[in-house]
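Asker: If you want the building blocks of each chain, they are given just below.
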Amino acid sequence: MTFRISTTPIEAASLQRTLVDERAGACVTFEGWVRNQNEGQPVLSLEYEAYTPLAEKEGERILAEAQQRFALLGAVCVHRVGLLQLGEMAVWVGVTAEHRGAAFEACRYIIDEAKARVPIWKKEHYASGATAWINCATRGEHSHPAAIPPA
Amino acid sequence: MTFRISTTPIEAASLQRTLVDERAGACVTFEGWVRNQNEGQPVLSLEYEAYTPLAEKEGERILAEAQQRFALLGAVCVHRVGLLQLGEMAVWVGVTAEHRGAAFEACRYIIDEAKARVPIWKKEHYASGATAWINCATRGEHSHPAAIPPA
Amino acid sequence: MITLNVQYFAILREQRGVSQEQLSTAARTPAALYEELRARYPFTLPGDRVRAAVNETFVDADSVLNDGDQVVFIPPVAGG
Amino acid sequence: MITLNVQYFAILREQRGVSQEQLSTAARTPAALYEELRARYPFTLPGDRVRAAVNETFVDADSVLNDGDQVVFIPPVAGG
Numbered sequence: 001m002t003f004r005i006s007t008t009p010i011e012a013a014s015l016q017r018t019l020v021d022e023r024a025g026a027c028v029t030f031e032g033w034v035r036n037q038n039e040g041q042p043v044l045s046l047e048y049e050a051y052t053p054l055a056e057k058e059g060e061r062i063l064a065e066a067q068q069r070f071a072l073l074g075a076v077c078v079h080r081v082g083l084l085q086l087g088e089m090a091v092w093v094g095v096t097a098e099h100r101g102a103a104f105e106a107c108r109y110i111i112d113e114a115k116a117r118v119p120i121w122k123k124e125h126y127a128s129g130a131t132a133w134i135n136c137a138t139r140g141e142h143s144h145p146a147a148i149p150p151a
Numbered sequence: 152m153t154f155r156i157s158t159t160p161i162e163a164a165s166l167q168r169t170l171v172d173e174r175a176g177a178c179v180t181f182e183g184w185v186r187n188q189n190e191g192q193p194v195l196s197l198e199y200e201a202y203t204p205l206a207e208k209e210g211e212r213i214l215a216e217a218q219q220r221f222a223l224l225g226a227v228c229v230h231r232v233g234l235l236q237l238g239e240m241a242v243w244v245g246v247t248a249e250h251r252g253a254a255f256e257a258c259r260y261i262i263d264e265a266k267a268r269v270p271i272w273k274k275e276h277y278a279s280g281a282t283a284w285i286n287c288a289t290r291g292e293h294s295h296p297a298a299i300p301p302a
Numbered sequence: 303m304i305t306l307n308v309q310y311f312a313i314l315r316e317q318r319g320v321s322q323e324q325l326s327t328a329a330r331t332p333a334a335l336y337e338e339l340r341a342r343y344p345f346t347l348p349g350d351r352v353r354a355a356v357n358e359t360f361v362d363a364d365s366v367l368n369d370g371d372q373v374v375f376i377p378p379v380a381g382g
Numbered sequence: 383m384i385t386l387n388v389q390y391f392a393i394l395r396e397q398r399g400v401s402q403e404q405l406s407t408a409a410r411t412p413a414a415l416y417e418e419l420r421a422r423y424p425f426t427l428p429g430d431r432v433r434a435a436v437n438e439t440f441v442d443a444d445s446v447l448n449d450g451d452q453v454v455f456i457p458p459v460a461g462g
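Residue numbers (this note's numbering), protein chains in the order written: chain A, 1 to 151; chain B, 152 to 302; chain C, 303 to 382; chain D, 383 to 462.
Keep in mind the hints are simulated off the structure, nothing from the lab. No incorrect hints appear here.
Only part of the chain A face toward chain D is listed, based on derived beta-carbon distances under 8 Å:
hint : residue
1    : G32
2    : E49
3    : H79
4    : V91
5    : I111
6    : K115
7    : V118
8    : P119
9    : I120
10   : W121
11   : I134
12   : N135
One-sided excerpt, in silico: chain A residues whose CB lies under 7 Å from chain B:
hint : residue
13   : R23
14   : A24
15   : E31
16   : G87
17   : F104
18   : R108
Backbone N, C-alpha and C fix where the C-beta goes; we use that ideal spot for every residue, glycine too.
Take these sequences, add in the hints, and give me the full structure.
Answerer: Now the structure itself:
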């Protein structure tokens, strides 16, 4: 059970190898990729920032919760920080279990909770030159996502 | 959208590369691994057999259904046949979507339907020397899984 | 009588001892053919646990068989 | 007055212009400290959209701050 913030590209294959377990009949993985648009605005790149010590602590707590709720054998989550280009992997979650139901549910739980609770922030860089910190729009700014015009 | 039966080991990494898509924000994969026991009986290896032309046809139908039901971008499923050892990959499903909800649901749908409908059969070889075709037990035989004593 | 090609898989292949055969039969439906074969070979699965496919398509157990059809009986599946 | 170390991330870091600072304050809770900082810097997020962490642990906005604490205000998160 490991939750880690990474400043370098995520190596999915080597993370998955750490989950090898002869008791496991199912391995479910989730990868979050930088996609080329958000709510209709063309995106060029993303910037992720984390409060690393608390992010890893909160992430480990999520993995422990998943282990209590579901019949898991192993779970790993790594979240990238820094500037990411289109198609790059922002987050990887891998879960093993004897049976597929637990693996699917735990993988979904981990990514849902990580997105909701772990102190990681995302800034989108749009084709227009504007940028926005996602979820940080406030009244008076452009509607969601908050668009800060180029300087 | 590809469903394929494979007589050689599944190359997950190269299958996943075929799903690369700049519109995709989520990629969910499911891997089925040969595990070391089933319902308490130690398993040494598995044999999978398929009626390949119909398996691939029914599999493609499942992928088409998934595409109609969920907001997918891509989906691939490959099922291995032949003799597999502990830890080997029996099946790989990969799904991409803009958003993770559709990717999780479609991946789950595909593996659930594939297990229920695609003409593929599994024979377990137990540490005891017995073997059993899974789901093929009949009244009068050992209870599920059907145990055929060694010859 | 019609002539059919029958393919066997998994437990049926093992119980029949061959993976395919050509046979002449008076049976006109997959259900009737399966009962005929079951009387001849040590098949343990009852007819209601076996699906039928003709010419690489699933069919109803009481659909009509035609001369030259390729018939497959599908034991309960167990992929994954 | 107590002395605190404050770290800023993401939108707060950009709006503050530094990623950390040491400061002396009469504020005794994260909520009071955030209002004090908001009066001084162009923070757009209201206090109710920001969580507080002290010494690498999430805390209530009205928990007690002690001299030497490391304080972080957490804007709405957006991992994944």
